[in-house]
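A.B. asks: Okay, here's what each chain looks like letter by letter:
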Amino acid sequence: MALKSGVGFLRLSRINQVVRLLSTHSRPETIQNGGLNAEFPGAKAPYVTEIKFLDENSYDPIPIYRVLDNNGRVIDSREEPNLDRETLLNMYKTMIQLNQMDKILYESQRQGRISFYMTNYGEEGIHVGSAAALSPKDLVFGQYREAGVFLYRGVTVTEMVNQCYGNHEDPGKGRHMPIHYGSKQRNLVTISSPLATQMPQAVGAAYAFKRMPNNDRCVICYFGEGAASEGDAFAAFNFAATLECPVILFCRNNGYAISTPTREQYRGDGVAARGPALGLRALRVDGTDALAVYNAVLRARELALNNKPVLIEAMSYRVGHHSTSDDSTAYRPLEEIQKWMQDENPTRKLRLYLESKGLWDAEAEKTYSKEARDLVVRTMQEAEKKKKPNWKEMFEDVYYDMPPHIQKQMQHMEKHLEKYQEHYPMDQFQKE
Amino acid sequence: MASLTKRVLNLNKLFKHVDNYTKRLSSNFTYFPDNEKPVEGETLKMNMMQAINNAMDLTLKNDPTAVVFGEDVAFGGVFRCASGLQEKYGNDRVFNTPLCEQGIAGFAIGLATAGATAIAEIQFADYIFPAFDQLVNEAAKARYRSGGQFACGALTVRAPGGAVGHGGLYHSQSPEAFFAHAPGLKVVIPRGPIAAKGLLLSCIQDRDPCIFLEPKILYRSAVEEVPVDSYTLPIGKAQVLREGDAATLVGWGAQVHVLLAAARLAESRLGARCEVVDLVSVLPWDTETVCNSVKKTGRCLVAHEAPLTGGPGADIAAAVQVSAPLLCCCVLLWADVCCCVLMCAAVC
Ligand SMILES: Cc1ncc(C[n+]2csc(CCOP(=O)(O)OP(=O)(O)O)c2C)c(N)n1
Ligand SMILES: [Mg+2]
Numbered sequence: 335m336a337l338k339s340g341v342g343f344l345r346l347s348r349i350n351q352v353v354r355l356l357s358t359h360s361r362p363e364t365i366q367n368g369g370l371n372a373e374f375p376g377a378k379a380p381y382v383t384e385i386k387f388l389d390e391n392s393y394d395p396i397p398i399y400r401v402l403d404n405n406g407r408v409i410d411s412r413e414e415p416n417l418d419r420e421t422l423l424n425m426y427k428t429m430i431q432l433n434q435m436d437k438i439l440y441e442s443q444r445q446g447r448i449s450f451y452m453t454n455y456g457e458e459g460i461h462v463g464s465a466a467a468l469s470p471k472d473l474v475f476g477q478y479r480e481a482g483v484f485l486y487r488g489v490t491v492t493e494m495v496n497q498c499y500g501n502h503e504d505p506g507k508g509r510h511m512p513i514h515y516g517s518k519q520r521n522l523v524t525i526s527s528p529l530a531t532q533m534p535q536a537v538g539a540a541y542a543f544k545r546m547p548n549n550d551r552c553v554i555c556y557f558g559e560g561a562a563s564e565g566d567a568f569a570a571f572n573f574a575a576t577l578e579c580p581v582i583l584f585c586r587n588n589g590y591a592i593s594t595p596t597r598e599q600y601r602g603d604g605v606a607a608r609g610p611a612l613g614l615r616a617l618r619v620d621g622t623d624a625l626a627v628y629n630a631v632l633r634a635r636e637l638a639l640n641n642k643p644v645l646i647e648a649m650s651y652r653v654g655h656h657s658t659s660d661d662s663t664a665y666r667p668l669e670e671i672q673k674w675m676q677d678e679n680p681t682r683k684l685r686l687y688l689e690s691k692g693l694w695d696a697e698a699e700k701t702y703s704k705e706a707r708d709l710v711v712r713t714m715q716e717a718e719k720k721k722k723p724n725w726k727e728m729f730e731d732v733y734y735d736m737p738p739h740i741q742k743q744m745q746h747m748e749k750h751l752e753k754y755q756e757h758y759p760m761d762q763f764q765k766e
Numbered sequence: 339m340a341s342l343t344k345r346v347l348n349l350n351k352l353f354k355h356v357d358n359y360t361k362r363l364s365s366n367f368t369y370f371p372d373n374e375k376p377v378e379g380e381t382l383k384m385n386m387m388q389a390i391n392n393a394m395d396l397t398l399k400n401d402p403t404a405v406v407f408g409e410d411v412a413f414g415g416v417f418r419c420a421s422g423l424q425e426k427y428g429n430d431r432v433f434n435t436p437l438c439e440q441g442i443a444g445f446a447i448g449l450a451t452a453g454a455t456a457i458a459e460i461q462f463a464d465y466i467f468p469a470f471d472q473l474v475n476e477a478a479k480a481r482y483r484s485g486g487q488f489a490c491g492a493l494t495v496r497a498p499g500g501a502v503g504h505g506g507l508y509h510s511q512s513p514e515a516f517f518a519h520a521p522g523l524k525v526v527i528p529r530g531p532i533a534a535k536g537l538l539l540s541c542i543q544d545r546d547p548c549i550f551l552e553p554k555i556l557y558r559s560a561v562e563e564v565p566v567d568s569y570t571l572p573i574g575k576a577q578v579l580r581e582g583d584a585a586t587l588v589g590w591g592a593q594v595h596v597l598l599a600a601a602r603l604a605e606s607r608l609g610a611r612c613e614v615v616d617l618v619s620v621l622p623w624d625t626e627t628v629c630n631s632v633k634k635t636g637r638c639l640v641a642h643e644a645p646l647t648g649g650p651g652a653d654i655a656a657a658v659q660v661s662a663p664l665l666c667c668c669v670l671l672w673a674d675v676c677c678c679v680l681m682c683a684a685v686c
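As you go down the protein sequences, you meet chains A and B in turn. For what it's worth, the numbering used here labels the leading residue of the first sequence as 335, then goes sequentially. For what it's worth, the numbering used here labels the leading residue of the second sequence as 339, then goes sequentially.
Since the hints were made in silico from the structure, they are not lab data. A portion of the hints provided could be inaccurate.
Just so you have them, the derived chain B footprint on chain A, three or more residues with Cβ under 8 angstroms [stated by the list, open to error]:
(1) 501–507
(2) 517–530
(3) 572–586
(4) 728–738
Computed from a predicted model, the values in this text were never measured in an experiment. C-beta atoms are modelled at their ideal positions from N, C-alpha and C, and glycine is treated no differently.
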């Protein structure tokens, strides 16, 4: 105790000396003038003699980068991405597959076949544009409305439908609500329900990559503009910047968080404006334009791999209801939705572009849509027949090794089920 | 310079007086060192802070993916547990983070998910609550929710907790009960330097995320001959520190020493020999050792340095009743106040 304060005392006397030096050798006014910045530890900035509060109008709004116009025409030919036929078709087909999956699984929830669903309408361009610009080795931390990214990465419709049904072939073993996909093999971290928690995690994972020799992987983290209000979002921005992590923080700004419009979610110039304020490189992009998103993420990836974290805000519109538990007509007019389903429809835009290049036509659209639809229907019928995981799975994976107290709880359950099996639908569960 | 030295000396005089004053303020706490060596080989006198530093040092040396970080960790942390580590291993491995506990925990989970060994420091256990969601909803459930595809077992969160006597209500809490309710986590509390080194190394190497709560009163007051080599001690295994037949006294962390003092008192005043059990971890906790002891003694007393209601003591009492009915008389110490700044050995 005494020693610590002794040191404090020593330090204080040193500072006194410095202060004295300053006051004898330089007049305060010479530091202030000459255009030199102030040298506070917390800010290097010029001095002024006028009070001026900054507000959201002090800066021009951050512009929205786009490549295609509403008719799928390239606005500035220099910005047309150099994508081969196969990639373009893969991007577009993924959008169609996603649309079909959304349509059928949404309906299947209405019919009581699955418990819950969330559609991705309006954000398909974000999914395929970003996924195509990444390496399959890049790690993805998603929120939940990024099913197109999962499809593009190669997760099969079967795996996704099995997850929604929570049957014994669900890679997540039936523990999550529907749409909480995950695939270790494809570097897609399992979705978690608590919002924004994945954000600082993505930054931490990026830091781990950065420390690997010859790192060629980055991390992308998707989140909604609603989730961006969480403390974890701020933590992620701040950690990414200060610890210089190879991460792309990708905001899907679709205008709503359930029923809350952006006006009630935040003030100021959206989410992108928070980037420069925190030392991130920020870009706003038209999320209904798959090619713009592709270019944006491609460039962001280059920066990220040089340990310059990037914040992207992709502007879009959540065309569907928030989820099957929501009816959005209660808080927004139908006409508003219509506009975004037609002119600004990301699938339509990319289709027009492909058609103009002679890569797609009405016939192809018809054939592939049917194919995509049939695949989902077939898969669903199969998924429905599959049993739920064995009940003992419920006790697994809590710990790497099951500790004695959980073993005991499992044995209790086993005895209980033996005794009262007629009260449980045991035949619905996979046998051991 | 000469006058400066003189002033420091004068100051020391002043602080002698202050020291007496602090003694009056702080609690009556006797520390009982461990005399048994967990492994053979060379030992070194270390306090608990040094033992923890040593465990992290060995980890950084042997595991190139390991990183140590948190608020003010670059210069060693406010309790100095990371002293000298940045100089030794570089600022990409031992570093400061922004002041944000939820960020520290989330960042740590991400590191572990991507294959690194993450050792995160929360400056005080009292300030772990902003990270509660990340630890309880994320770290604890990462393996479970992914069906075993992902996990963050390489994560250890260290936090100094417990009372020292002058910390007031926000530098004294023992939050283990909150985490003990989260399946998927392991919650470990060492009772001294030897235990701290072995258990911290276990936590770091464990395949599950661990919360390591360091009783800060022991950082400097607890000194033992600690083996210099790497060793681990089992998590989930209680230790019987003193054998007896009159009653079983169960505690963890700094309370172990309160119970040892109580046992000594009971022996000298009442001639009763109490068995003292260090629970070591409150999740998972060693039902078998505790219940076997109570079967022998017929009485059980649990002490925790935290509120009574909903604490691990209630869980232990219930488990003891189930496995040794009729025998047990269970008393729990401490009251439902915001924190326990007193550290008296109030055992009846
Ligand atoms: C921490 C937390 N709070 C609340 C919720 C409930 N919730 C689920 S989705 C949602 C809205 C999220 O909106 P946004 O981030 O904009 O994503 P979007 O649904 O628009 O894609 C809310 C409030 C949650 N899952 N987690
Ligand atoms: Mg939204």
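A.B. asks: Take the hints in turn and mark each one as holding or not.
C.D. replies: Here is what the structure says about each hint:
Coverage of the region 501–507 of chain A by chain B holds [criterion: at least 3 residues with CB-CB distance below 8 angstroms; count 4]. Counting residues of the region 517–530 of chain A whose C-beta lies closer than 8 angstroms to any C-beta of chain B gives 6; at least three are required, and the coverage claim holds. For a cut-off of 8 angstroms, the count of residues in the region 572–586 of chain A with a CB near a CB of chain B stands at 4, and the three-residue condition holds. Counting residues of the region 728–738 of chain A whose C-beta sits closer than 8 angstroms to any C-beta of chain B gives 8, which meets the bar of three, so the coverage hint holds.
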